[in-house]
Amino acid sequence: MTGNVAAVFLFEWRRALTLPRMAWWALLAAFPAFIIALIRFTALSSPPRDLWAGTLYALVPMLVSMLGTLLWATPAVSSELERRSWVYLAVRPHGGVAVLLGKYLGAVTWVVSTALVGLTMAVLIADSDDGWRLWWTMARLACLACPAYGAVYLLIGTVLPRRAMVLAVAYTLIFELVVGLIPAVVNKLTVQYRLRALLVEWCDLEIPGGRQSGALALIGDAPPWQHIVILMFLTAGLLFAATLVLRWSEFASSAETDV
Amino acid sequence: MIELRNVTKLYGRVIGVNDFTLTLEPGAYGLLGPNGSGKSTLLNLITGQLRPTLGTVRVLGESPRNNARLFRRMGYCPGSEGLYANVSGYEWVRYLLRLHGLSSQRATSAAGEALELVGMSHAMHRSIASYSRGMRQRTKLAQALAHDPELLILDEPFNGFDPVGRHELTCVLRDWIGFGKSLIFASHLLHEIESITQSFLLICGGRLLASGTAEEVHAMMAGLPNEVALRSTEPHALAALLLRERAADSVRVVDGCVTVATQHPARLYDRLPGWLAETGLEVTEMHSADESLQALFNSLMKMHRGEL
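Respectively, the protein sequence lines represent chains A and B. For reference, each letter of the first sequence is one residue, going 1 to 259 in our numbering. For reference, each letter of the second sequence is one residue, going 1001 to 1308 in our numbering.
One chain only, chain B, in its complex shape (with noise of 0.2 Å):
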């Protein structure tokens, strides 16, 4: 479905994208790396937005550059909002359409039919400007499903959307997927690409780091340094217990928050409890220091350069 061979995107001197090889077979994958990472250019690069500096990029066969066939079998709902203020949402996707090739007719039928799908058809035909921004998102990714495309490719589709729009939108994808047709959605949250689809793509300082399944990420985390913080009444007394126990690999203490660096988190988790039912010591409130995506991001960006 999509093809990139050692794809380089420079902006002078900045890297947009830094030798990306990729090759994808039709299916939905989740494309997660933090803001700044280079999803919005590789996304750009395969909607043709964007020539690559170096390599190839091909999309269902062809070069995505200029390419009205290509254009017509693919559906794009980018990240920036770029949504006309004093026109209605139907009217504005009626005009995408139209702009598609579509014949004024179907382009009418189609329009409603797609905000429909999104949950718009009830302020379809208010101004944009007066729409919230999940109702701008709804818009924007009705703009995309309504010619019914086979791939479609999104950028932050939930920015903005309350737990319930979020829910909506996750069910009318889902259904998409089941349809057979490709998708692509690009995300910095690991938690909205989960509730679609179990493929990722994991990118960062424009580099493809991993590619694979939520466990197949997880599974290469392991045995790479974990910080848990712990917060506790007495932090220097915890600080010692942990070091005594060999639980730590080094520990620190910061206003009442431990925050200790450690192998085998597991090992931590199994036996905390038992250690603080022998010595009385009480911990108020604890969490992965690390969970972050960034720290993810971080150990595979030191595990790409050979730093681990």
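Same shape as in the complex, but just chain A (with noise of 0.2 Å):
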């Protein structure tokens, strides 16, 4: 079984290997350091650590994590879909369990990679005095964020493949940047809580209105080990739910199959 995740890994990030592919690691690398340029060659006078980390906390863990695992890993099972190859891979041993995690490392790494490439160049380009420090949370939050979201898209492109991408668009805006942000419980439920939580802790931000305020809904006061037990345990478990999914799921249609 893991002798074939690594076959698909491997496959996919082959297959990964071309110039439109590249074009959109490069241009999604590009994008945070292009906007943290814009700040800082346009700004009067220099931002402050928490602006920066805010900036980077955005564009980094938020943005990149979440539009790359989405792009990535949301079509996992519907590419070969509507590509009518997934029936190859479905008659072999474990082979639609193999190809969806197979899928969801090469998608993860994928992102990873353009993730810390281009925070690197955008802490580089900010030239804050705390870089380092901003650079290794940021890091850190990434390596948590891409597991996370991609387990997640993963579940959608499983359970609805036909309207995947639709459907991960709208958790993404609904759940995550919506649900995410009601000073609640329920906002306890999403990957941003986690990560926002996480930033603070790290980054030493300064809670508006102190600890005592209503933003401490937005982030808790659990200690960061229990974000990060938490938010590993949501990604195993999401992954082990699109596995039953797709044990459980006929993916080979009528029209697909000439009846």
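I should point out that these hints are in silico values taken from the structure, not numbers from a laboratory. Note that the Cβ used here is the ideal one computed from N, Cα and C, for glycine as well. Check the hints yourself; a few may be wrong.
[Claimed, not checked] Interface residues of chain A toward chain B, partial, derived using beta-carbon atoms under 8 Å:
(1) Gly3
(2) Phe11
(3) Thr18
(4) Arg83
(5) Arg84
(6) Glu250
Starting from two chains that each stand alone, build the complex the way the hints lay out.
Structure representation (structure tokens):
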């Protein structure tokens, strides 16, 4: 099984080394650096460290990690179904699950590499006094965000492969970006909540109004290790659910099979 | 080898396979049916891609659904294309073999051997995007054969082949059967299956209509109405002659073509030359209007419903 996953992972990486995909990789990596450069070279005075932290967080663990995994992990199954290549993979021993996990690993490593390169360029351009600490914080957050978002999108793409991208975008906008900012218990279900809490802890950011204010509901007061463990369990749980859904699903439809 | 008990597969309200019961011993079988008859659904059930709505499916003694052990013993060439355009045929077959659990070294040699077997060694390092349809079919067949399965399942494998390619692949499959391996070969063309095996399963409307050898199927059809189309310079006179001689149950004349329905086509074929010689009528073209497989299936469907 491990060998099968590794075979898919390597094959997907080889297939990804095409000009259009490399261009997407470069575009996504360059975007944080471009925005940071705009801020740096248009600001009248040197921006404070907290502004750099917030901006880098929005650009790398949020934008690059979310967008990258959305683009690469969501269509793991649907792309094979559309190409009608799924059946060749599914009649191999543990083929479906190996493809799912191999593609997931491929997507995560692809996006993590994008995030780290983009982050490095952005931190270098920002030239903050606390640059190294910012890099280390954002790198850790990206390494937690990519697997978690990848697992979320993989599950969405497995449950409803025909509408995967639409649902993944809807999930991101509604759940991660809106529900994640509601100061209530429900936001604890989002990946954003955990990442935000870790950002505040690891960067020592000041909470507006102090810890007694309502802003605490947006970050909680749990220790960092708890957030990390929850994110890891969430990722593993989502991947497990995706494999269960895959084993249960029938992807050979009447339209595909000529009845 | 394969056992289906009262298998029904529904796609919502559409029936893919309807109350299918079948037991096949190891050997080679042709699954014959017109387009949309349920062949692919049946193969998807046998390969575990679909779960039956009702009934049970057993292949080589096991349930095929998510069965890794069974997949190691089975090779499947589906009807759909589904190849990656930006990799070579060799890379693709090797990838599928790796996914099958073969070591890197073994996958490398097995992929090369399989592609050579299907006559693709000259083009196997080219991108699949540059392949003709026949080459893609050969590559598909190679991935099904490469891991040396006990049971090979092929869905319309000759689509896109030229006559030479068809002959070559027929030889490959005959050799395969000669090694004592099992084969299920789905097609909507009678002659394709006849060139490989004499054991038929006739399927239409999601039902198994008949099974047996080609002779048995033809024997079943004896006595059923047959249509013969005759083109003549004097079609109305010809029609009158056939009715007068009681050679036709009914006659239809359209655009110079006389279509004759008869339960005794052999008698018509025997006596027609004599009648034409006596009357001086000319027939420029004659063919069995009913020779198409669809007509055979229509008749079998009517028999199945008790209408004949």
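Check: Which numbered hints turn out to be false for this structure?
Finding: Failing hints: none at all.
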